[in-house]
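Trainee: Residue strings, one per chain:
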Amino acid sequence: MDLLTWLTFLPLLGAALVLLTPRAAEGAQRMIALGATLAAAVLGVLAYQRFDVATLGAQQVVQIPWFQWRDGPAIQFKLGVDGLSLLMVALTALLMPIVILSTWGHVEKRVKEFMVWMLVMETGMLGVFLSLDLVLFYFFWEVSLIPLYFLVGIWGGERRIYATIKFFLYTLAGSLVMLVAVIAMLYRFNTSDIAALTDQASSLPLSTQGYLFGAFALAFAIKVPVMPFHTWLADAHTEAPTSGSVVLAGVLLKMGTYGLLRFCIAMFPGAAVQWAPLFMVLGAAGIVYGAFLAMAQNDLKRLVACSSVSHLGYVILGMFALSSAGLQGGMLQMVNHGLSTGMLFLLVGMIYERRHTRALDEFGGVAQSMPLFAIFLVIAVLSSAALPGLNGFIGEYLILKGAFDAQRVLAVVGVLGVIFGSVYLLVATRRVLFGPLTKRENKELRDLSPREIATLVPIVVFIVWIGVSPTPFLAKSQPAIDVIVRRCEAARTFTAGLERPAAGPLGQSLDPRAASAVQNAQQR
Amino acid sequence: MADQLWLWAIPGLPLLGSALCGLIYFLGLERRTAPSVGAHGAHGDSGAHGAGHGAAHQDHGAHGAPAVHGAHGTHGDEGDAAAHHGPSAGARLASLLACGAMAVAFALAIKGFLDLRALPLGRTALESPAWHWIRVTGFEVDISMVLDRLSAVMCLVITGVGFLIHVYSVGYMKHDAGFAKFFAYLNLFVFAMLMLVLSSSLLGLFIGWEGVGLCSYLLIGFWYAKGWPAEAAQKAFVMNRIGDASFLVGSFLLVQLFGTLDLSDIAGRVREVLADGSNRGQLILAALLLFGGCCGKSAQFPLFTWLPDAMAGPTPVSALIHAATMVTAGIYLVVRLNPLFAVSETVMLVIAIVGALTAFIGATTALVQRDIKKVLAYSTVSQLGYMFLGLGSGAFASAIFHLVTHAFFKGLLFLGAGSVIHGMHDEQDMHKMGGLKSKMPRTFLTFLCGAAALSGLPLMSGFFSKDEILAFTFANGGVYYALWGLGLVTAAVTAFYTWRMVALTFFGEPRYDAKHVHPHESPAVMTVPLMVLAVLSVLGGVLGLPPVFQVTHALEHWLEPVLEPGRAILAGHHDGHLPHPSHLTEWVLLGVGSAVALFFAHRGFHAYKAGIQKDTDRERNRPALAGFLGDAWRIDTTYAEKIVQPLKLLSFVTYVVIDQFGIDGAVNGTGALARATGGALRTLTDGRIKTYAIWIGLGATGIVFLWMWS
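Line by line, the protein sequences give chains A and B. Heads up: the first sequence runs through residues 1 to 524, numbered per the numbering used here. Heads up: the second sequence runs through residues 1001 to 1710, numbered per the numbering used here.
There may be inaccurate statements among the hints.
[Unchecked claim] Think about it this way: if two alpha-carbon atoms lie no more than 30 Å apart in a straight line, the pair counts; the simulated DSS-like pairs of lysine-lysine are: (1) Lys1609/B <-> Lys1690/B; (2) Lys439/A <-> Lys1432/B; (3) Lys1174/B <-> Lys443/A; (4) Lys1515/B <-> Lys1174/B; (5) Lys1690/B <-> Lys1432/B; (6) Lys1174/B <-> Lys1439/B.
[Said to hold, decoys possible] Over the 12 Å line for every Cβ pair with chain B, so calculated as not near, a few chain A residues: (7) Phe9; (8) Gly72; (9) Pro73; (10) Glu142; (11) Asp235; (12) Gly414; (13) Glu441; (14) Arg451; (15) Pro458; (16) Leu474; (17) Pro479.
[Stated by the list, open to error] Partial pick of chain B residues on the chain A-facing surface, computed with a CB cut under 7 Å: (18) Phe1206; (19) Gly1227; (20) Phe1444.
In case anyone wonders, no lab produced these hints; they're calculated from the structure. Glycine is no exception: its CB is placed at the ideal position from the N, C-alpha and C atoms.
All chains, full assembly: derive it from the sequences and hints.
Mentor: As structure tokens, then:
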């Protein structure tokens, strides 16, 4: 079998192995899960290294016929990486071992099932990013939803049932709308191959593009979540176990932004150009709105959850600037958010495991009892606050620059978010770490264990690495982004020139030379 | 020719030093000494908080050491280790590494300076190979280290003064539990500051810009266990962020206009871009936005209120970061991009007005402070205002001149104040000092040199640099006459508060409790840096003797190539001539400056020589004024009331009303609606045949009617 198939199904294999163990063998279950995710991480790095920037389109493709219903489209089991998915795949593969390692501290009941669901979820998420077939994508999309249902519902906090049902129904409602669009696409083009659909869909009339765009966008916007669809997130995060929150923030939400990029923007550039201003407004609003929510929180975890809304607002703002800087910034910010917010959730979990509270006013002076914890928390906060030299800055700067070129006012709103962001992050940091150590419980806190340090150090390495040397990361997705930018520009000139629904072929093939040729022709 | 790889070592060495010191802290090496039990905690700058809050002066003493001290000793779990045992081997290694890194960086800066002098005609900069930082299609940021004449001056000041302050800190922080951490932060700061002045790109400069902000945050909050330093640190960071937001938007605008963020490219092509008249407004906007960033970093009105609070940090930090280097970053930026700011006379005027206003507010506030560090802090705000007044008057070289002399004398004064605080066992209230001149003679004499320079006594360094700025302001004419007047009044106030400080601290009868406090002179490791800085403060004027002395203005001559483009544009506003004071005007202004300085220095000294009577009188007779000035014109209070509180309320309302009730209410409402609908419809299917029969009958009737209709 091929690398990507192994990568996708190794976690599932691990899940099967865990199932075979006796219920009491918790140590073995943990080790199997860790081993499976570590092996997947190695394969992920291998796939990353094998990736050839010069090749446009998907690489390392695996294609097996799956099923066909009567004379409908032949559904393929087709996996592959391209510039849009590579970073997401790498992020997922690298984050999962960290997540598994973090469960030592907070998962004590029903370890076996927990590990099974975690591993199933990894397969689902990797499948979402690697699928090159629309039906397969939808399949993995739903598969990845179910494990979280159980992770939050069984291992969550007090209001876990409320949170679980809310997020499940909410995302499912969006998914079903997307399903309608998926079926419509299949009937229209009689293929489910994403690359083929991407080439053909842009030739649809603008109004049809708009409907399909809307259907996909709704599902993804709920998943991201774009303000005002965000209220499920704070509840889900607050109630989820630490590891669930890390996966949710680190990877699951990225499925939404990834979907917006691969389907909404790349497939329907005409509609994307039309809808971009709305999404930019929602993105900018989300940045400030999320920051305001975060400022009002007393629960540390809910605060981080609200900051997610703000940070994902940046991603949306940048992507819908539809420029190279904006899209690249958005891509990188997806990774950055996974790292910094993931790390923040890990840290919140660590202190919760010790103090069994997350209320800010219960803390104060913790830096004295836990100096190492303090160092890591400050690093995570600075990464999240986009300090130059750390990863967050690169993403935010590119996003805001892209947005500024597209819609000045919205970029300025986004820049305001930079100020508010530093406010809520630093206030929370100060209230937890600094000040006099008055509470007895806080005096007795023990500092981070080697295992906990081991979960944090890899994240710190990437935070600094991306911040100091982002170009190799950016370079991987540049060609794919360039194609999207060209398609959007072509769509823009086309609609601007016609002032009526487009009837002719808007789309260019993925070959950039052809694209620019068409563009030149249009300009003439 | 970008072949000077060694230039990377100038910021690189402090970074390395920082990493090593950080490692020593992380591994806990500095704590490996004989255990000490119950030793008196490390000393610190207590009592700064709340001081200077005008009306609250009466209870100032209550802020005093006891409460604060207890918390301080427990800083870090290492507690009081090393307190009475002298530094451990690890700590000694940390100080050696940090000071060593600074010494070598200073040597490299000197080498760079000499190399620059030896360059053939026409070349004025050295450049290192570039680091390709960010590259996406259509936007690239490459950063190299560029040592030109301006950055060479800055490097010499940063590494030179920085080295002295590092040495001083070895003595000052000797008893502190976080010794290695302190040097890690301090070295990291120097790295960021050097990055700021050496970067070829505006975005590289921004790395340093935010980096120094971060180190400032870490060092202000160094004694975070006390609580209020952490709050001061947070305030400094956020207020800087407000300026930085403005900076960011300005940088986006510059990329649009110039297609690059390379500083020399931008500076060199302003005229070219300006040639397209439609760009003028954009250039002005960009300049104002960048200036907004400068207001944050260089503590100018309306963003200056963080700087006085920043005195919560250890005193060497105040000297290095909040007087000599970081806060001058804004001045550096304006000079670096001088053609951009010169585009519009309005921009120049805005800068000059902000500068003059800040200078005046700062000086009047310093007039009534009781905390010696607060006096120096507001004095710094005020002196930075002078520098911006100079920039706004087109006197770029004079601003840099004042920056350099200020680094000498204000660094000296802060270190001197630190020595006093050290000798007085953490007392900062000048009302509890007095008569220290015989107890700490070396500190006293060097402090006098600094005070003489700050107050602009004739022939001192500050005299030349400040009077040069005022002369240029005067020469601009028009509105600038008013600004010159304000500057002169400020000079008078400056002389007064400086000598009030000297008198209260060193003269008169001792007002401290002689039973418990035994003032003593600081060790040589602290006083030698003071002496070096004292010499520089006195003689620093030779860098820029005025033209009337018939010698070349060394600094202006040196900076010529950097300033040329901006001057050319400025001259364009004035029919080809830069406004320049005539020799006669200059003599007169020098005379007026000397007279004002001497007179008010004398007044200030004599009013307080005998004691604090004058302060007590003022507080009794004119409490409103004393309170207003003491509270820095109530600007901070206004922010708290008019901005911070409403924002807090708004965020609460957003969360509770809009988010929980509004949006989430709609979400849950949809769910509830679905349930209710389901519940209502369920009653239709109640399982009774009769009900179903009725529905069937109704349906059939309906169909019949429908059929008849059509």
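Trainee: It remains to establish, for every hint, whether it holds in the given structure.
Mentor: Now for the hints, and whether the structure bears them out:
1. Lys1609/B <-> Lys1690/B: violated, 108 Å
2. Lys439/A <-> Lys1432/B: violated, 34 Å
3. Lys1174/B <-> Lys443/A: Holds, at about 26 Å.
4. Lys1515/B <-> Lys1174/B: holds, 25 Å
5. Lys1690/B <-> Lys1432/B: At roughly 98 Å apart (the allowed maximum being 30 Å), Lys1432/B and Lys1690/B break the hint.
6. Lys1174/B <-> Lys1439/B: Cα-Cα ~21 Å, so holds.
7. Phe9: holds, 34 Å
8. Gly72: holds, 33 Å
9. Pro73: Given that every Cβ of chain B is farther than 12 Å from that of Pro73/A, nearest at about 34 Å, it holds.
10. Glu142: Fine: 21 Å to the nearest Cβ keeps Glu142/A off the interface.
11. Asp235: At roughly 8 Å from the nearest Cβ of chain B, Asp235/A sits no farther out than 12 Å, so the non-interface label is violated.
12. Gly414: Per Cβ check, Gly414/A is inside 12 Å of chain B; nearest 10 Å; violated.
13. Glu441: holds, 16 Å
14. Arg451: Answer for Arg451/A: holds, closest chain B Cβ roughly 18 Å.
15. Pro458: Non-interface label stands for Pro458/A: nearest chain B Cβ at 17 Å, farther than 12 Å.
16. Leu474: Nearest chain B Cβ is 6 Å from Leu474/A, so the label is violated.
17. Pro479: Violated, because the least Cβ-Cβ distance between Pro479/A and chain B comes to about 9 Å, which does not exceed 12 Å.
18. Phe1206: holds, 6 Å
19. Gly1227: Holds: closest Cβ of chain A sits about 4 Å from Gly1227/B, inside 7 Å.
20. Phe1444: This hint is violated: Phe1444/B lies away from chain A, its Cβ roughly 36 Å from the closest one there, beyond 7 Å.
The structure is inconsistent with the numbered hints 1, 2, 5, 11, 12, 16, 17 and 20, although it conforms to all the rest.
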